[in-house]
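What follows is each chain in one-letter form.
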Amino acid sequence: MAPDMVTVIDLVLLALLCATAIAIILVRQLFAVAMLTGAFSMLSAGLLVTLDAVDVAFTEAAVGAGVSTVLLLGTLALTQRRSEETRRRGTAPALLAVILTGCALVYATTDMPGFGDPGAPGFRHVVPEYISGSETDIGVPNIVTSVLASYRGYDTLGEVAVIFTAGIGVLLLLGRRREDEIQDEARRSDSGGEG
Amino acid sequence: MLEAITDHYNYWLVIFLLMAGLFVTMTSGNLVKKIVGLNVFQTAVFLFYISVGKLEGGTAPILTGEPEQFSNPLPHVLILTAIVVGVATTALGLALVVRIRETYGSIEEARLQEADRQDELRAAAEQGR
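As they're listed, the protein sequences go chains A and B.
All residue numbers for the first sequence refer to numbering that gives the first Met the number 0, where the first residue is 0 and numbers rise by one.
All residue numbers for the second sequence refer to numbering that gives the first Met the number 0, where the first residue is 0 and numbers rise by one.
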């Protein structure tokens with residue numbers, strides 16, 4: 000079987016992703032790490048398009064490459080720009096653990112159905128019903144939308160609960176800071192008035 | 000042998016990305032870089048799920064009126080949810096990093112441990128007095 004164009008694009012994007020991952024391991028400048036993370040997300044969005052997941056691709060491009068990078072840059076502005084040149088402890092055991100885990104995972108994939116195999120169990124169970132029912136039951140041409148909003152609507156409700164919890168967490172963590180600062184400023188202006 | 004490679008190369012490269020993210024998370028002493036490692040790991044898991052849902056000769060699961068083979072839409076939905084949840088957890092992690100920086104004055108793991116150790120020593124000295 001001659002490799003078709005999509006396979007070539009797929010391989011090129013995967014190679015670029017691997018190169019970006021290695022660069023993230025090596026670089027110490029945190030600004031560069033943030034930019035590389037953005038590039039990593041953007042490349043994976045491209046790969047998701049070749050894998051037919053267009054909805055996931057534009058979410059990854061907007062949220063993964065956009066919002067995540069902005070959050071990282073904001074954190075860098077509030078903390079520090081450079082990772083210190085401290086000696087890394089336990090690099091060799093970590094490398095060993097990573098290689099062993101990787102080998103175990105690769106061994107496990109040999110039991111999986113092949114890439115793009117139409118006989119894979121994942122395509123048999125409820126998926127044909129979702130595909131045929133999307134137009135007749137829900138009336139939405141985009142099957143991903145009909146599964147997200149209707150067949151698996153409770154999952155999406157759970158997602159909203161998780162985001163709400165995370166939002167409250169961020170507010171509690173960073174909102175308290177502002178209160179402390181206000182108190183500090185009040186104290187400073189009091190002592191300034193006395194002196 | 001060749002068939003095993005063409006059937007699974009996508010999974011293997013994704014596993015490399017997974018392990019790269021895990022390595023950054025384990026060895027990096029900087030808290031921001033640890034979170035970046037988690038993000039890389041997460042994105043690799045997304046790619047793995049979408050790879051499993053890919054169908055040879057399939058297209059994006061959008062009905063156009065023509066009879067077509069579609070890739071599996073179910074993993075797409077799960078990963079759509081996971082991306083948004085991932086950003087929410089990243090935001091929470093980064094907020095924690097900002098707070099740690101304000102309290103300790105550093106986001107390097109080694110310095111945080113050093114500061115904790117000195118606090119413990121000081122507390123022990125005060126108890127002994």
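Read the hints as simulated data drawn from the structure, not as lab findings.
This structure is a prediction, so every number in the text was calculated from the model and none was measured.
The beta carbon of each residue, even a glycine, is placed where N, CA and C say it ideally should be.
Incorrect hints may have been included.
[To be verified] From chain B, some residues computed to sit far from chain A (all C-beta separations above 12 Å): (1) 104; (2) 110; (3) 117; (4) 119; (5) 123; (6) 127.
[Stated by the list, open to error] DEER-style ranges, computed between Cβ atoms: (7) 31/A with 95/B: 51 to 59 Å; (8) 126/B with 184/A: 21 to 29 Å; (9) 100/A with 122/B: 36 to 44 Å.
[To be verified] To give an idea of the interface, some chain A residues facing chain B are shown, with a C-beta separation under 8 Å as derived from the structure: (10) 46; (11) 123; (12) 136; (13) 137.
Notebook entry, point to check: CB of residue 31/A to CB of residue 95/B, is that within 51 to 59 Å?
Noted result: violated (23 Å)
Check: When the nearest CB of chain B is found for residue 136/A, is that gap smaller than 8 Å?
Finding: This interface hint is violated because 12 Å lies over the 8 Å limit.
Margin query: Verify this label for me: residue 117/B is non-interface relative to chain A, using a Cβ-Cβ cutoff of 12 Å.
Written below: It holds; residue 117/B is separated from chain A by about 17 Å at its closest Cβ, greater than 12 Å.
Margin query: Restraint: residue 137/A near chain B, CB-CB cut 8 Å. Satisfied or not?
Written below: violated (11 Å)
Margin query: Over 12 Å from every CB of chain A: does residue 119/B meet that, or does the non-interface label fail?
Written below: holds (20 Å)
Check: Does the Cβ distance between residue 126/B and residue 184/A fall inside 21 to 29 Å?
Finding: Roughly 35 Å apart at Cβ, these two residues miss the hinted range, so it is violated.
Notebook entry, point to check: residue 110/B: least C-beta distance to chain A exceeds 12 Å?
Noted result: About 8 Å separates residue 110/B from the closest Cβ of chain A, which leaves it inside 12 Å; violated.
Note to self: Does residue 123/B clear chain A by more than 12 Å, comparing its Cβ with all Cβ atoms of that chain?
What the structure shows: holds (25 Å)
Next item on the list: Answer holds if the nearest beta-carbon of chain B is closer than 8 Å to that of residue 46/A; otherwise answer violated.
Entry: holds (6 Å)
Item checked: Given as non-interface: residue 127/B, partner chain A, CB spacing beyond 12 Å -> Non-interface label on residue 127/B holds, nearest chain A Cβ at 31 Å vs cutoff 12 Å.
Notebook entry, point to check: Going by Cβ atoms only, is residue 123/A closer than 8 Å to chain B?
Noted result: violated (10 Å)
Note to self: Verify this label for me: residue 104/B is non-interface relative to chain A, using a Cβ-Cβ cutoff of 12 Å.
What the structure shows: violated (10 Å)
Checked against the numbered hints given earlier, this structure breaks hints 1, 2, 7, 8, 11, 12 and 13; the rest are met.
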